[in-house]
Amino acid sequence: MSGRAELDRLAELGLELPEPRAKAGNYLGWVRAGDLLYLSGQGADGWNGRVGDSLTVDQGYRAARACGLNLLAQVHDAAGGLAAVRQVVQVRGFVCCTDDLAEVPQVIDGASDLFIAVFGERGRHARTAIGVRALPLGFAVEVDMVVQLG
Amino acid sequence: MSGRAELDRLAELGLELPEPRAKAGNYLGWVRAGDLLYLSGQGADGWNGRVGDSLTVDQGYRAARACGLNLLAQVHDAAGGLAAVRQVVQVRGFVCCTDDLAEVPQVIDGASDLFIAVFGERGRHARTAIGVRALPLGFAVEVDMVVQLG
Amino acid sequence: MSGRAELDRLAELGLELPEPRAKAGNYLGWVRAGDLLYLSGQGADGWNGRVGDSLTVDQGYRAARACGLNLLAQVHDAAGGLAAVRQVVQVRGFVCCTDDLAEVPQVIDGASDLFIAVFGERGRHARTAIGVRALPLGFAVEVDMVVQLG
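Residue numbers (the working numbering), protein chains in the order written: chain A, 24 to 173; chain B, 24 to 173; chain C, 24 to 173.
For the record, the hints were derived by calculation from the structure and aren't laboratory data.
There is no bait here: all hints are sound.
FRET-style restraints, in silico, Cβ to Cβ:
1) Ala34(B) x Glu39(A): 51 to 57 angstroms
2) Ala28(B) x Glu42(A): 51 to 57 angstroms
3) Gly57(B) x Asp123(C): 37 to 43 angstroms
4) Thr79(B) x Asp76(C): 21 to 27 angstroms
5) Lys46(C) x Thr79(B): 21 to 27 angstroms
6) Glu144(A) x Leu160(B): 23 to 29 angstroms
7) Gly72(B) x Lys46(C): 23 to 29 angstroms
8) Asp123(A) x Leu36(B): 30 to 36 angstroms
9) Lys46(A) x Leu172(C): 23 to 29 angstroms
10) Gly173(C) x Leu172(B): 20 to 26 angstroms
The C-beta atom is built at its ideal place from N, Cα and C for all residues, glycine as well.
So that you can see chain A by itself, here it is in the shape it has in the complex (with noise of 0.2 angstroms):
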């Protein structure tokens, strides 16, 4: 249950688990209910701005897979390490964005491919995708999630 298998893959793409962020409001990081663990939306610090306008949408890439580091690091907070996923059920990505940006899916892919590169199968999810107005603390990407356990 270390998840060594999938810190190695982080590695791999020279990446590593970071701390779990600090909470911006009144919440918890994760809530688990049954198998299920529940994650609250997580940004990434220092990717701030607007996708379409003050970032690329290859930033905005890089900016969700940051959003899903803070996700896996949360994960790992909660299950004491990786292995414990059994599937990554439900995806859910944010993007502030200007009008015009159609390329949605292409930004929220940064966290999807992150997770399908550290867990394979059991990566593979449901998703949505939508462009919004503005998000906490000006973070140009925030994705959340729902993982399976066991």
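Starting from the known structure of chain A, fit chains B and C onto it as the hints suggest.
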């Protein structure tokens, strides 16, 4: 489990189940966890634009119904038919709209009305509807849902 | 199961449980699946407008608290009292806002603080907060949630 009754009700509405849409990114159309089926957000081809500007509320309603049909195609793919649906649990509707569009619920009723027409009481659901800035591929409406099977 | 303690805590805040709001479209206030209760998004009458423009962040906070009260009214309707709540699992908050509103979390804390005041540790939840373009009926804030009963 063939879901014949549900398909008959679709036919009475002059509708038929489409093929599952191609994905717009690196995700699955659905994931099952226990008896819950999580469906990815679905737009509808041919329904692009912004409700309150290039589309009317009535056109938005028809776009939402088309999103609902695409969700039913995914349910059919996941469960081998629509009869497996015990209850539509939660629906979320996203409307690409202008700043002053108050009729967000009337738009998303296009999906809700469809589910209730097809499933009867089993189609009644909890719902959240919001107006957003941009949707994948320029869609005017996107809808996702969670369905209980069994 | 009367939820007297929870209602007492509401009273200490100078609040009382309202009647469940009329629905704005063709959906239910809640659906139960297993031990999870899915609540529809709730706005709050009298709290219309846009945070950062016609409403301040503090007014948005009070709007979110009023949304939270409307959610508690639905929980009471579903479970016959508030004592049936084992854990507030997931909260989603939507703020109708200007482009530059970074204080989205401070607004949604209005609902989160309420749940924690009423339920204590059982009120602590995972949360996602986003800023959107428009909400049903011109609401300034909308909040939904998933609650575990038992």
